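Asks: Here are the chains, one letter per residue:
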Amino acid sequence: KQEVTQIPAALSVPEGENLVLNCSFTDSAIYNLQWFRQDPGKGLTSLLLIQSSQREQTSGRLNASLDKSSGRSTLYIAASQPGDSATYLCAVRRRAGKSTFGDGTTLTVKP
Amino acid sequence: EAGVAQSPRYKIIEKRQSVAFWCNPISGHATLYWYQQILGQGPKLLIQFQNNGVVDDSQLPKDRFSAERLKGVDSTLKIQPAKLEDSAVYLCASSSFTGLNQPQHFGDGTRLSIL
Chain A
6 KQEVTQIPAA LSVPEGENLV LNCSFTDSAI YNLQWFRQDP GKGLTSLLLI
56 QSSQREQTSG RLNASLDKSS GRSTLYIAAS QPGDSATYLC AVRRRAGKST
106 FGDGTTLTVK P
Chain B
120 EAGVAQSPRY KIIEKRQSVA FWCNPISGHA TLYWYQQILG QGPKLLIQFQ
170 NNGVVDDSQL PKDRFSAERL KGVDSTLKIQ PAKLEDSAVY LCASSSFTGL
220 NQPQHFGDGT RLSIL
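Residue numbers (our numbering), protein chains in the order written: chain A, 6 to 116; chain B, 120 to 234.
If you are wondering where the hints come from, they were derived from the structure by calculation, not from laboratory data.
Given the structure is predicted, the values throughout are model-derived calculations rather than measurements.
Think of the CB as a built atom: it goes at the ideal place given N, C-alpha and C, for glycine as much as any other residue.
Wrong hints could be hidden among the right ones.
[Said to hold, decoys possible] Derived list of chain A stretches under chain B, where covered just means 3 residues or more per stretch with a C-beta under 8 Å from a C-beta of chain B: (1) 27-40; (2) 43-57; (3) 107-113.
[What the hints assert, rightly or not] Every beta carbon over 10 Å from chain B, so not counted as near; a handful from chain A, in silico: (4) E22; (5) R66; (6) S70; (7) K73; (8) G76; (9) T79; (10) Q86; (11) P87; (12) G88; (13) S90.
Just chain A, same shape as in the assembly (with noise of 0.2 Å):
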């Protein structure tokens, strides 16, 4: 069985700052990886999606990386801005197409 897991649970930084996001997971047997961002109240909008071939994605401030060895995916987030403040959740999909989210990452970002 698939586990997602995304530590640290919540993440405060100044405005300005670079940042990472982390998630693990433990069957290395997977289709891609998805980072998503969740505003209170909202659905989730996809970030980036790295399929198993790929070692990275980049859009814009955000690059991911996907380590499919060690089970870990990064996301990168650069010169952070309090717009940047929400909950990014990972999703990794296996073959069968069933995806298994992290319970995600609560960023906020201080003026």
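Given chain A, put chain B in place with the hints provided.
Replies: Showing chain B alone in chain A's frame:
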């Protein structure tokens, strides 16, 4: 393109009552998912449809939950009878079916409170 639409946004019912949620996926998306998200946790898959067929419902409590996707477009999720532990946000997501590497797109969810 229009996003995933869900209604209602909020629902408050008493335990043992029934409730239904509706989802309209992004146009052309063949795959539809229903998730349950309990406060402070990540979403848990309840059921996945491919067009109007069920792909995975292994975590759906079938004694009280049911879902359908007639005509392979809109979907409804029903709970009957509701229990206190069903208080959660119910999220609908969709993705296009050109392989498993298509991202999931989520609606804003229905927040269900059981009294």
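Asks: Is it the case that A:E22 keeps its Cβ farther than 10 Å from each residue Cβ in chain B?
Replies: The claim stands: A:E22 keeps its Cβ more than 10 Å from every Cβ of chain B (closest is about 25 Å).
Asks: Is A:K73 truly not at the interface, in the sense that its beta carbon sits beyond 10 Å from all beta carbons of chain B?
Replies: 15 Å, holds
Asks: Count residues of the stretch 27-40 of chain A with a Cβ under 8 Å from any Cβ of chain B, then say if the count reaches three.
Replies: Since three or more residues must qualify, the claim that chain B covers the stretch 27-40 of chain A holds, with 3 doing so at under 8 Å.
Asks: Say whether it holds or is violated: A:S90 keeps its Cβ farther than 10 Å from all Cβ of chain B.
Replies: 17 Å, holds
Asks: Over 10 Å from every CB of chain B: does A:R66 meet that, or does the non-interface label fail?
Replies: 19 Å, holds
Asks: Does the no-contact call for A:S70 survive, Cβ to all of chain B over 10 Å?
Replies: Answer for A:S70: holds, closest chain B Cβ roughly 17 Å.
Asks: A:P87 clear of chain B by more than 10 Å, beta carbon to beta carbon?
Replies: 22 Å, holds
Asks: Just want to verify: A:Q86 was marked as not at the interface with chain B; is every Cβ pair farther apart than 10 Å?
Replies: 23 Å, holds
Asks: Do three or more residues from the stretch 107-113 of chain A put their C-beta atoms closer than 8 Å to C-beta atoms of chain B?
Replies: It holds: at least three residues are needed, and the stretch 107-113 of chain A offers 3 whose Cβ sits within less than 8 Å of chain B.
Asks: When you look at the beta carbon of A:G88, is every beta carbon of chain B farther off than 10 Å?
Replies: A:G88 is indeed farther than 10 Å from all Cβ atoms of chain B, at 19 Å.
Asks: Please confirm whether A:G76 is truly not at the interface, meaning its C-beta sits more than 10 Å away from all C-beta atoms of chain B.
Replies: At roughly 17 Å from the nearest Cβ of chain B, A:G76 sits farther out than 10 Å, so the non-interface label holds.
Asks: Just double-check A:T79 for me: nearest Cβ-Cβ distance to chain B has to come out over 10 Å.
Replies: Correct as stated: the minimum Cβ-Cβ distance to chain B is 17 Å, above 10 Å.
Of the numbered hints listed earlier, not one is contradicted by the structure.
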